[in-house]
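Just need the whole structure built from these sequences, with the hints factored in.
Protein chains: 2
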Amino acid sequence: MPALSSKRVVLKSRPVGAPKPTDFSLVEAPVPALGDGEILTRTIYLSLDPYMRGRISGVKSYAKGVDPGDLMVGGTVGEVLESKHPGFKKGDFVQGYDGWQTHGVSKGLGVRTLDPAQAPLSTALGVLGMPGMTAYVGLLDIGKPKAGETIVVSAASGAVGAVVGQLGTIKGCRVVGVAGGKDKCEYVVDELGFDACVDYKRDDFATALQAACPKGIDVYFENVGGAVLGAVLKLINPFARIPLCGLVSQYNATEMPAGPNWGVLLVNRVLVKGFIVSDHIDRLPDFLRDVGGWLREGRIKYREDIVNGLEQAPEAFIGLLQGRNFGKLIVKVGEDPTRR
Amino acid sequence: MPALSSKRVVLKSRPVGAPKPTDFSLVEAPVPALGDGEILTRTIYLSLDPYMRGRISGVKSYAKGVDPGDLMVGGTVGEVLESKHPGFKKGDFVQGYDGWQTHGVSKGLGVRTLDPAQAPLSTALGVLGMPGMTAYVGLLDIGKPKAGETIVVSAASGAVGAVVGQLGTIKGCRVVGVAGGKDKCEYVVDELGFDACVDYKRDDFATALQAACPKGIDVYFENVGGAVLGAVLKLINPFARIPLCGLVSQYNATEMPAGPNWGVLLVNRVLVKGFIVSDHIDRLPDFLRDVGGWLREGRIKYREDIVNGLEQAPEAFIGLLQGRNFGKLIVKVGEDPTRR
Chain Z
82 MPALSSKRVV LKSRPVGAPK PTDFSLVEAP VPALGDGEIL TRTIYLSLDP YMRGRISGVK
142 SYAKGVDPGD LMVGGTVGEV LESKHPGFKK GDFVQGYDGW QTHGVSKGLG VRTLDPAQAP
202 LSTALGVLGM PGMTAYVGLL DIGKPKAGET IVVSAASGAV GAVVGQLGTI KGCRVVGVAG
262 GKDKCEYVVD ELGFDACVDY KRDDFATALQ AACPKGIDVY FENVGGAVLG AVLKLINPFA
322 RIPLCGLVSQ YNATEMPAGP NWGVLLVNRV LVKGFIVSDH IDRLPDFLRD VGGWLREGRI
382 KYREDIVNGL EQAPEAFIGL LQGRNFGKLI VKVGEDPTRR
Chain U
82 MPALSSKRVV LKSRPVGAPK PTDFSLVEAP VPALGDGEIL TRTIYLSLDP YMRGRISGVK
142 SYAKGVDPGD LMVGGTVGEV LESKHPGFKK GDFVQGYDGW QTHGVSKGLG VRTLDPAQAP
202 LSTALGVLGM PGMTAYVGLL DIGKPKAGET IVVSAASGAV GAVVGQLGTI KGCRVVGVAG
262 GKDKCEYVVD ELGFDACVDY KRDDFATALQ AACPKGIDVY FENVGGAVLG AVLKLINPFA
322 RIPLCGLVSQ YNATEMPAGP NWGVLLVNRV LVKGFIVSDH IDRLPDFLRD VGGWLREGRI
382 KYREDIVNGL EQAPEAFIGL LQGRNFGKLI VKVGEDPTRR
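Going down the list, the sequences are from chains Z and U.
Using our numbering, the first residue of the first sequence is number 82, and each one after it goes up by one.
Using our numbering, the first residue of the second sequence is number 82, and each one after it goes up by one.
Please note that a few of the clues may not be correct.
Heads up, the list lumps identical chains together, so a pair's fine if it works in one copy or across two of them.
Said to hold, decoys possible - Below, in silico cross-link-like pairs of lysine-lysine (BS3-like), each with a Cα-Cα straight-line distance of 25 angstroms or less:
hint, residue 1, residue 2
1, K296, K145
2, K145, K315
3, K141, K296
4, K263, K282
5, K170, K88
6, K88, K171
7, K315, K141
For the record, the hints were derived by calculation from the structure and aren't laboratory data.
Below, the structure written as C-alpha cells:
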C-alpha cells in the first residue's frame with residue numbers, strides 16, 4: 082500500500098465567544114503505519130454537532146477536551162482501507178470517531194459496522210446515530226411521556242429535536258416544536274408531523290407558545306436554554322419532566338447567563354435531568370431496533386444538511402452554533418460508493 | 082357541653098417582603114356545633130413551617146392559599162374534646178391540620194391518632210411528622226444516597242435538615258451541614274453527629290464548604306437556595322442528585338432572584354427534583370417504622386424550639402423565615418397533659 086497522507090482540521094486557537102474560521106487550520110500529515118489491532122479508514126462523512134463547542138472551550142467537562150494543535154474530534158462514517166483488527170475487513174463501512182480528517186487510524190473501540198442495505202450510511206451519524214439515540218434515551222427514559230401529554234422540544238428541526246418530536250407522536254402525545262424561522266417551522270409541522278411549531282424569533286414567542294400548549298407542558302426536551310427555557314417554565318405543568326440535553330444558546334457565551342429561579346421547579350415538583358448519551362450505551366440495541374424499524378416503516382423522517390469537503394467544516398460548524406443549518410449537519414469528506 | 086370559643090390567628094393583609102406582626106390578627110370566634118362525622122379538638126401544639134410563607138403570598142401553588150381574613154393553616158397536635166366520628170373518641174390525642182387556633186372542628190381527613198407512650202406528642206409535628214417524612218422521602222427516594230457518598234444539607238439544624246443528615250449517617254455517607262451561626266453548627270456536629278457543618282454567614286463560606294467536601298458533593302438536599310446553592314453547584318459531582326425541598330432564602334423576596342445557569346447540571350448529568358411530601362403519603366408507614374425505630378434506638382435525635390402561647394405565633398413565624406429558631410419551631414397553644 083502506498084504511503085498515504087491525511088488532511089486534518091486542527092484547533093489553532095481557543096475561540097473566545099463565537100468561533101472564527103481562523104480558530105481552525107487545515108494541515109496534512111502522513112498516515113502512520115498500521116499496528117496490530119488497528120484499522121485504517123477513509124472518511125466518507127463527518128458529523129458536526131453542538132457538543133463540539135464544549136470540547137474546544139478549555140472548560141473541564143465530561144470528556145477530554147481538544148487543545149490547540151489537536152485534531153478536532155467528531156463522529157465519522159468511513160470505509161475500511163486496511164485492517165489488522167479481527168473485527169473489521171477491507172471494504173467494511175463503519176461508524177467511528179476519527180474526527181475532522183480524511184483518513185483515520187483507530188483501535189476499533191466503539192466502532193460499529195454498517196449495512197448500507199439497511200439504511201443510507203450517513204444516517205449512522207444522525208437519525209440512526211448519536212443524535213437519534215440522544216432523542217430516544219432523553220425522551221423515553223427521562224421524559225417518560227404518557228399518551229395525551231404535551232411535549233415541547235427546542236431546536237425542533239435539528240438532528241435530535243426532529244427525532245424527539247416524532248417519537249412523541251408515536252407515543253400518542255401532543256408535540257410542539259420550537260425552531261428558528263418560518264421554513265423550519267413549516268418543515269417541522271408539514272414534513273415531520275408535529276402538532277405545532279413556534280418560531281422563537283417572533284416578538285410574541287411566549288404568547289404563541291402558550292397558544293400552542295393549551296394544556297400546559299408535561300415534557301420539555303431542552304436543547305437550547307435561554308429565553309425559550311424561560312417561556313417554557315411559565316407553562317410547565319405539575320410533575321413535568323425536563324430532559325436536559327443541550328444549551329446551545331449559550332455555548333458561545335463568554336460569561337454564563339443566569340438561569341431560571343428554582344421556585345417553579347419546587348412548586349410544580351418538576352424533574353430536571355442532565356444527560357449525555359454515551360452514559361446510556363446499553364440502550365443502543367433497543368434504539369436501533371425501535372428507531373430503525375420506524376424509519377423503515379416511514380414513521381420517522383429525517384433531513385440532512387450536507388456540506389461538501391472537509392475544508393468547509395469550520396464554516397459549517399460556526400453556522401451550526403447560530404442555527405444556520407437545516408437538518409442534521411454532515412460534512413461529506415469523501416466519495417460514498419453506496420449513493421448515486 | 083358549654084359553648085366554646087376559639088382564639089384564632091387570621092391573615093389580615095398579604096405581606097410584601099418579610100411578614101410583619103401587623104399582617105396577622107388574633108380574633109375570637111364561637112366554635113360551631115359539631116356535625117355528624119366531625120371532631121372537636123383542643124390544640125396543644127401548632128407547627129410553624131417555612132411553606133406557610135407561600136400559602137399567604139397570593140401566588141398560585143400546589144395548595145389552596147390563605148386569603149386575607151382566612152384562618153392561618155398549619156399542622157397541629159390536639160386532644161379530642163368531642164367526637165361524632167367513628168374513628169375518634171374523647172380524650173384521643175391526634176395530629177391534624179386545625180391551623181393557628183385554640184380549638185378546631187374537622188371531618189378527620191388526614192387526622193391520625195397518636196400514642197404518647199411511643200413518643201412525645203410534639204414529635205408528631207417534627208421528627209415523626211411532616212418535616213421528618215419530608216427528609217425521609219426526599220433523601221431516600223430522590224437523593225438515593227450510596228454508602229461513602231457525600232451529602233450536603235442546608236438549614237441543617239432545622240426540622241427537616243436535622244433528620245436528613247442523621248439518615249445520611251445511618252446510610253453510611255459523609256454528611257456536611259450548612260447552618261447559620263456557630264451555635265447551630267456546633268449542635269449539628271456535636272449533637273446530631275454530622276461529619277462537618279459550615280456556617281453560611283462566614284465570608285469564606287465557599288472555601289470552607291469545599292474544605293468540608295474533599296470528594297465533592299453527590300447529594301444536595303436543598304432547603305434554602307441563593308448563595309448556598311451557588312457554592313454547592315461549584316462542587317457538584319457527576320450524577321449528583323438534588324432533592325429540591327425548599328428555597329427559604331427567597332420566600333420573602335418581592336422579585337424572584339435568578340437561578341444558577343443549567344450548564345453545570347448538563348455537564349455533570351445532575352438530577353434536580355422538586356417535591357412536596359404530601360405527594361408521597363404512601364411512604365408514611367415505612368417512615369414511621371424506620372424513623373420511629375431509629376428514634377427509640379437513639380440513632381436519631383431532635384431539638385424543639387417551643388414558643389408559648391398562640392399570640393406568639395406571628396412573631397415566631399417571622400423569625401423562622403429569618404433563621405432565628407433553633408430546632409423544630411412549635412407553638413404550645415394549650416396544656417400537654419402527657420408532659421410534666
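So, going through the hints one by one against the coordinates:
no.: 1; hint: K296 with K145; verdict: between (42 angstroms within a copy, 20 angstroms between copies)
no.: 2; hint: K145 with K315; verdict: between (36 angstroms within a copy, 19 angstroms between copies)
no.: 3; hint: K141 with K296; verdict: between (40 angstroms within a copy, 16 angstroms between copies)
no.: 4; hint: K263 with K282; verdict: within (9 angstroms within a copy, 52 angstroms between copies)
no.: 5; hint: K170 with K88; verdict: within (23 angstroms within a copy, 87 angstroms between copies)
no.: 6; hint: K88 with K171; verdict: within (21 angstroms within a copy, 89 angstroms between copies)
no.: 7; hint: K315 with K141; verdict: between (32 angstroms within a copy, 12 angstroms between copies)
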